[in-house]
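Engineer: First residue of the sequence shown? That's 0 in numbering that gives the first Met the number 0, and the numbers climb one at a time after it.
In short, the hints are calculated from the structure, not lab data. Idealized CB from N, CA, C, for every residue including glycine. Among the clues, some could well be false.
Quick list of simulated restraints, FRET-style, between CB atoms [as the list claims (entries may be wrong)]:
hint	residue 1	residue 2	range
1	Ala-44	Pro-4	14 to 22 Å
2	Ser-56	Pro-4	14 to 22 Å
3	Trp-7	Asp-27	14 to 22 Å
4	Pro-4	Asp-29	15 to 23 Å
5	Pro-4	Thr-48	17 to 25 Å
6	Trp-7	Gly-55	30 to 38 Å
7	Asp-5	Pro-54	27 to 35 Å
8	Thr-8	Pro-54	26 to 34 Å
9	Arg-51	Asp-11	14 to 22 Å
10	Pro-10	Leu-45	16 to 24 Å
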Amino acid sequence: MAPAPDPWTWPDWSQAIRDGTFGNRWDDPDGAYRVLYASSSRFGALLETLARFPPGSRRGG
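Make the full structure from the sequences, and use the hints.
Structural biologist: Structure below.
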């Protein structure tokens, strides 16, 4: 569930969205640093992925 070949590679700044973040809930709002998200289980990774879409959200489709 991570980008190959190295899941611990920081996301490239070129992937940041217009506000300077990567669209995740713990991203730095000033766009000064990046965050790696990790989980000890697949379920935890799924929940962290879905956290960007709050209930009732129409984002993404």
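Engineer: Hint by hint, note whether the structure agrees.
Structural biologist: Consistency of the hints with the structure:
1. Ala-44 x Pro-4: 14 to 22 Å: 18 Å, holds
2. Ser-56 x Pro-4: 14 to 22 Å: 32 Å, violated
3. Trp-7 x Asp-27: 14 to 22 Å: 19 Å, holds
4. Pro-4 x Asp-29: 15 to 23 Å: With Cβ atoms ~30 Å apart, the hint is violated.
5. Pro-4 x Thr-48: 17 to 25 Å: Roughly 21 Å apart at Cβ, these two residues keep to the hinted range, so it holds.
6. Trp-7 x Gly-55: 30 to 38 Å: 34 Å, holds
7. Asp-5 x Pro-54: 27 to 35 Å: 34 Å, holds
8. Thr-8 x Pro-54: 26 to 34 Å: 32 Å, holds
9. Arg-51 x Asp-11: 14 to 22 Å: About 19 Å separates the Cβ atoms of Arg-51 and Asp-11, which means 14 to 22 Å holds.
10. Pro-10 x Leu-45: 16 to 24 Å: 19 Å, holds
Violation of the numbered hints given earlier is confined to hints 2 and 4; the remaining hints are satisfied by the structure.
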